[in-house]
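Please work from the sequences and hints to get the whole structure.
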Amino acid sequence: MYSLLLIVTLHFLLIYYIIIPIINYFRDPKGLRKYPNLTFVSGISDLPLIYYSHKGIRSRVLFEAHKKHPVLRIGPNKLSYAEPVAIKDIYGHGTKCTKDVFYSALSGSHYHLADVVDKEDHARKRKVLSNPYAIKNLEGSEYKVADMTQRIIKAFDERCTSPLPKGRNPDPQDLTIDYRMWTNLYTIAAIANIGLSEDIRFLDQGNDIISSEAKDGTVKKVHFRDCLYANASATSTLVWTYDWYEALVRVSKLVSSTYRQKWKLAEDWDGIVNNRATTRWKRYEKGEKLDDFFSALMEDKAGAPNNLNGEKL
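For the sequence shown, my numbering assigns the number 320 to the last residue and increments by one with no breaks.
Source of the hints: derived by calculation from the structure; they are not laboratory data. Careful, some of the hints might be misleading.
[Stated by the list, open to error] Computed Cβ-Cβ distance ranges for the label pairs, DEER-style:
hint : residue 1 : residue 2 : range
1    : Val-48    : Pro-179   : 47 to 57 Å
2    : Pro-43    : Thr-286   : 49 to 59 Å
3    : Asp-307   : Phe-47    : 24 to 34 Å
4    : Val-226   : Tyr-23    : 36 to 46 Å
Each residue gets a CB set at the ideal place from its N, CA and C atoms; glycine is no exception.
Structure below.
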């Protein structure tokens, strides 16, 4: 019984993932065979993109390949363009192009402005967001940026050494500062304050430790950047084979300790977002009037409510 089930499963996988893609390649229903392939299997599989993404060389490989060909077939249903003239046709107003399945594959329970595929829904969300991005609201956030700027300058000043006595060499540790880390902390803290009126105090702490809240309400402390980077790395590597994505996520958790850790951190990333949203929502329910993006989202320019619930936010 189990042997028969295994044989049937293997035959199904062979037909669905190998034979059918090969048949479709030669049938060429979308007329893509005329474009040069990124690799010899790019016409039948997206696996090369996953491999290059895993190695961290996808952009470089595409850059080098585009030196020879302005248009490349990088997957069974994917083309990559290197000519700027294609930008208007793909992204311009009135284009017939729609967003790739890439966006819906990575979307959550509700679409946001960046991953919504439906054009009418995109227009509606864009209209809602026009209020937070109005010049008046942006100018009102300048004092928050100024505050964060003062904090990062203070942090740098505190890490400067006093003038050394003549003939004394400085401690090597005092000669280096992780500028990237500090500017990351600055950016994240500023966005949190502008968007949610939350002072996450990264620049005062000198680290990115923050609360992550699971769906069951459990709260723990995690590192913001570790969670963000792990989530981005795991999803951007495995997403390219859209039909296989969910299966690849499950397999990667089973066979790879590296990806298992990345997905764990990705769950903590979801918890960070959840905690930020629930914290700000509670303040809103209490009637706090705050000057931030959240408030601008909840009401339009005339002060009428946009009727957004917690899940949509």
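Taking the hints in turn, this is what the structure says about them:
Between Val-48 and Pro-179 the beta carbon distance is about 50 Å. The supplied range of 47 to 57 Å therefore holds. In this structure, Pro-43 and Thr-286 meet the distance hint of 49 to 59 Å, their C-beta atoms being roughly 51 Å apart. Asp-307 and Phe-47 have their C-beta atoms about 54 Å apart, which leaves the hinted 24 to 34 Å range violated. Under the hint 36 to 46 Å, the C-beta atoms of Val-226 and Tyr-23, about 43 Å apart, fit the expected range.
Violated hint for the displayed structure: number 3, the only one.
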